[in-house]
Amino acid sequence: MKCELEIFGAAVQPLKEIIIKTIQQQFAGLMAVLPLCLVTVVAAPAMAQQYTTSTTQIAPRIAGFEVDEVRRLRPGVDLDFKLYGTPGGRASLAIKGARRNLMLDETEPGQYEGSYTIGSRDAITGASTVTANLRVGNLVTSGVLAESLLRGTGPRPQGPAADSPRIERFDVVGDDRLTPGNELTFSVYGTPGAKVDMAIQGTKGIFFLDEVKPGQYSGDYTIRRNDQIASNSVVTANMRIGNRVATARLNKPLLVAAPPQPRVVRYCSNCATVEAVNVVQVNGEGNYLGTIGGGVVGAVLGSQVGKGNGRTAAQIAGALGGAYVGRNIERNAKRTEHTEVVIRFANGGTQTVTYENDPGLRVGEKVKINNGVLERDAG
42 MKCELEIFGA
52 AVQPLKEIII
62 KTIQQQFAGL
72 MAVLPLCLVT
82 VVAAPAMAQQ
92 YTTSTTQIAP
102 RIAGFEVDEV
112 RRLRPGVDLD
122 FKLYGTPGGR
132 ASLAIKGARR
142 NLMLDETEPG
152 QYEGSYTIGS
162 RDAITGASTV
172 TANLRVGNLV
182 TSGVLAESLL
192 RGTGPRPQGP
202 AADSPRIERF
212 DVVGDDRLTP
222 GNELTFSVYG
232 TPGAKVDMAI
242 QGTKGIFFLD
252 EVKPGQYSGD
262 YTIRRNDQIA
272 SNSVVTANMR
282 IGNRVATARL
292 NKPLLVAAPP
302 QPRVVRYCSN
312 CATVEAVNVV
322 QVNGEGNYLG
332 TIGGGVVGAV
342 LGSQVGKGNG
352 RTAAQIAGAL
362 GGAYVGRNIE
372 RNAKRTEHTE
382 VVIRFANGGT
392 QTVTYENDPG
402 LRVGEKVKIN
412 NGVLERDAG
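The sequence shown runs 42 to 420 under the working numbering.
Among the hints, erroneous ones may be present.
Below, in silico cross-link-like pairs of lysine-lysine (DSSO-like), each with a Cα-Cα straight-line distance of 27 angstroms or less [said to hold, decoys possible]:
(1) K293 <-> K254
(2) K123 <-> K137
(3) K245 <-> K123
(4) K245 <-> K293
(5) K137 <-> K245
Distance ranges between label pairs, derived from CB positions [what the hints assert, rightly or not]:
(6) T391 <-> V297: 46 to 52 angstroms
(7) S272 <-> R112: 49 to 55 angstroms
(8) G234 <-> S272: 47 to 53 angstroms
(9) G234 <-> R192: 32 to 38 angstroms
Don't read these hints as lab results, they were simulated from the structure. Note that CB positions come from ideal geometry on N, CA and C, so glycine has one too.
Could you build all of it, start to finish, from the sequences and the hints given here?
In structure tokens:
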């Protein structure tokens, strides 16, 4: 009979010799009866050295929770949920009245989705509470859905207000544009140690505020592409401690009014106002031809008057009068007329612009002068 003995140890060869020698000395009679036991010493596999590292896990966070409301809660209807929070976790839902829990899949980093099909044995109602659990490592956080499962019923009714925690202040830092990607920062002040969630009209679901200081809860909401948020959208905050809930409504607009822009006054160096419009007549100058011609005509006419010396005097008077009349006739024939427009600039200076014809400008009109030409100022 052959037996095989396996002994685990580190000192393999010396231990084998000691065991064989001991067995031979102490059990010589037994060795004579039984065949020699072949002792096979097998070295134990070396144990890997283990190190204990102390790491501090950060508690997971649920940032938002929503459901696609349905018209009727009956068997076969799907309830679609979305949960927003810490990425890399395991998210599950518990629906009051449902016979099983729902595990959510992480479709994007920090976004968990799942659909629960109502069964014939489920007793889900519009007031059924839905609790979400998000586990990351050994830490778990939870949140309660504040909206109803049924479309058009609004937020889920809250408990008695007498035992509710207290919300002292509800504030928001709005944005000048309520467009996708912009952020709204909300703050709720009240009873410490609570859980605070919010719902914004025009968005789906709720999101949660973190307690950054005792009794102070804050959080940012990033506007999504499908949101329909207006400046006056109703925003409701719920503060929960156990089964007690306090509710407050935001009394501030979400859209920040743009500050009034200062009026920019630009100085116009060529802008002016018509101060006067004058029509000016300029008499022509008679030359020697008109004077001589008039004198000749006057002398001829004078020679027809009187006799003797009287005729001579008449000729002289006619010549002089004719010369004067001829000069005035020529002067009137050459008389011209033009229009002078006087404009005054903002600095008080004036300028006169001359036109051969009436430019159609009136006193008090705003004008601009460019290269000596006046234009009406349309501005």
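**Report entry** List of violated hint numbers, smallest to largest
**Finding:** Checked against the structure, the hints that fail are numbers 7, 8, while the rest are satisfied.
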